[in-house]
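Visitor: Those sequence lines, one after another, are chains A and B. Residues 1 to 346 in the UniProt record's numbering are what the first sequence lists, from first letter to last. Residues 1 to 305 in the UniProt record's numbering are what the second sequence lists, from first letter to last.
Hints in this document: simulated from the structure, not taken from any laboratory. Some hints here could point you the wrong way.
Mimicking DSS-like on lysine-lysine, the simulated pairs with C-alpha atoms at most 25 Å apart in a straight line are [said to hold, decoys possible]: (1) 58/B x 67/A; (2) 137/A x 58/B; (3) 302/B x 13/A.
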Amino acid sequence: MIATESLSKRFPKVTALDRLSVDVGPGVTGLVGANGAGKSTLIKILLGLSPATEGRAEVLGLDVATKGGAIRERVGYMPEHDCLPPDVSATEFVVHMARMSGLPPAAARERTADTLRHVGLYEERYRPIGGYSTGMKQRVKLAQALVHDPKLVFLDEPTNGLDPVGRDEMLGLIRRIHTDFGISVLVTSHLLGELERTCDHVVVIDGGKLLRSSSTTDFTQITTTLAIEVTDTDEHPDGTRAVREALRARGVDTHDGSGLPGAGHVLLLTAEGEETYDLVRDVVTDLGLGLVRMEQRRHRIAEVFRGDSDENSGTSGESGTDGGTRGNGADRDGDGERKEAVGHGG
Amino acid sequence: MAVEQPRTRDTTGPGDETRIHNIGYRTYDGPRLGRAYARRSLYSQSLRGAYGLGRSAKSKVLPLLLLVVMCAPAAIMVAVAVATKAKDLPTDYTQYAIFLQAVIGLYVASQAPQAVSRDLRFRTVPLYFSRPIETADYVRAKYAALTSALFILTATPLLVLYVGALLAKLDFADQTKGFAQGLVSVALLSLLFAGIGLVVSAVTPRRGFGIAAVIAVLTISYGAVSTLQAIAYDQSSTGAIPWLGLFSPITLIDGVQTAFLGASSSYPGGYGPSGAEGVVHLAVVLGIIAGCYGLLMRRYRKAGL
Chain A
1 MIATESLSKR FPKVTALDRL SVDVGPGVTG LVGANGAGKS TLIKILLGLS
51 PATEGRAEVL GLDVATKGGA IRERVGYMPE HDCLPPDVSA TEFVVHMARM
101 SGLPPAAARE RTADTLRHVG LYEERYRPIG GYSTGMKQRV KLAQALVHDP
151 KLVFLDEPTN GLDPVGRDEM LGLIRRIHTD FGISVLVTSH LLGELERTCD
201 HVVVIDGGKL LRSSSTTDFT QITTTLAIEV TDTDEHPDGT RAVREALRAR
251 GVDTHDGSGL PGAGHVLLLT AEGEETYDLV RDVVTDLGLG LVRMEQRRHR
301 IAEVFRGDSD ENSGTSGESG TDGGTRGNGA DRDGDGERKE AVGHGG
Chain B
1 MAVEQPRTRD TTGPGDETRI HNIGYRTYDG PRLGRAYARR SLYSQSLRGA
51 YGLGRSAKSK VLPLLLLVVM CAPAAIMVAV AVATKAKDLP TDYTQYAIFL
101 QAVIGLYVAS QAPQAVSRDL RFRTVPLYFS RPIETADYVR AKYAALTSAL
151 FILTATPLLV LYVGALLAKL DFADQTKGFA QGLVSVALLS LLFAGIGLVV
201 SAVTPRRGFG IAAVIAVLTI SYGAVSTLQA IAYDQSSTGA IPWLGLFSPI
251 TLIDGVQTAF LGASSSYPGG YGPSGAEGVV HLAVVLGIIA GCYGLLMRRY
301 RKAGL
């Protein structure tokens, strides 16, 4: 779906993208990075709106430098910011946007009605957008990106400004875009945890460099971190230490999460799978302690960065992208088959 | 792939009746008409928008009111001409827009910001550029739409005059020639005013500022030029009058139509440009139109996404 090769974008004062080489196949792909990591710049280049300083990129097998118009005809884009005029209704607006994508008038109206229903807007679609809630506006923005039935859609921070329920609904909708509509998705977020649940594949960038590109199953299996906190009892005045020693005796290493909030009272350990949860439960019960909490730590970009820089310290800045497989991602769709992080100097 | 998924879901669904409610996602295999069609769609949407069509009832009031105000004097003149069996219309076709320049200015000031500031303010511009059109398509569509809207505003009263003149059985050849000259003049005026209006309002995303700025540019320049021309006339330096006319849009149009379209000049004392001065007027008008287009292109190259 998307392939970039040593893609760089330099502005007079900042380097937005630095020799980024990444391959994205069909499915839902998360693009994660802190604010200013280069996510939006990458989308602009992929839409053919901003020329790359060096390197090349292809979307749907079309070169972004020369085939921008053709790409934009088959790709949808939902911007991060507000982009809706308040004085027209959702229907009018989306019909207009459908026509701007080249759909004939009758088809534009029909697809607008369909798309608005699919994103969950019903009677309110005839009212001016100005009166909509943030959640409804996000749906209109999504509808205008889908109305021309693109092959691929770029969603820039679609959960921004939504409450937890709205967030879950939006993530569910994004999942459906692929499973029900058959449209591939590139969705950006600065929250890795959010995308883990939705995406088949996650690409992490920071400072314009690729940190990691792997399927989400890799992420969760390898890096799920459990945080546990226990009570102290008379028998075990330092409950945390008792658990640590008991776990070590069973061959599970823990660390104290120094530098994180609640350090000293919290134990962090790596969950290998379901059995780790059972093990922790049993250990705590055997010691007669109370389990205050046991939760999955949200991954943060920094964690990925730490783990990844170790992994990649041997890799040179040379791109690992194989020119031969670029552009036909369909045959490399399998989970966990994706190429590991490449292309940033160690 | 995508077509099949909904179908399989339907057949495995709880029953036949669900199929009525849930038709699933339908893919689109019809034609995609591309860039030129998108540009035309933007043009027609913007042109309709310039008269409030497809917008709220409130936004229809001003443009339609101004159109009525533009046409009313023409209708009255025609009525008088028919009733009194006059030999000629009370005004030249080319003079009409000059008389009602304030109304035209008001229309530009109200609709130019509507055409461009809205997209800038609500940041709809990036959505346009995420579609097949390019910067040039957007600028051309908006420019053409406002020019057409202005042409409708300025040519409709001329049409009223012309039809009325024919009804009053005035000389056909004479009237047709005047009408044609008038149309050329207002076409040039529409291009010039649309360009100035769009450039000024594309600078600011605030509609109010846009309106004020357009009015200021049109009235201050006209006020200054006509004052200076009056002073020049008083001091008998009539040679300066045509040159001063270069500095405001409406006097430029007046100059061009005096030199090339057989109009009688509204400059003080009727000292309109002729010959070389007229050529300079025309060159300046065309230069401003091209310059406005260039500035808009520059503006939107930056504003895109």
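Visitor: For residue 302/B and residue 13/A, compute the direct alpha-carbon distance and say whether it is at most 25 Å.
Guide: Roughly 17 Å between the alpha carbons, so the hint for residue 302/B and residue 13/A holds.
Visitor: Are the Cα atoms of residue 137/A and residue 58/B separated by 25 Å or less?
Guide: Holds, because 23 Å separates the two Cα atoms, which is no more than 25 Å.
Visitor: Does residue 58/B pair with residue 67/A here, judged by a C-alpha cut-off of 25 Å?
Guide: violated, 42 Å
Hint compliance for this structure: hint 1 alone is broken.
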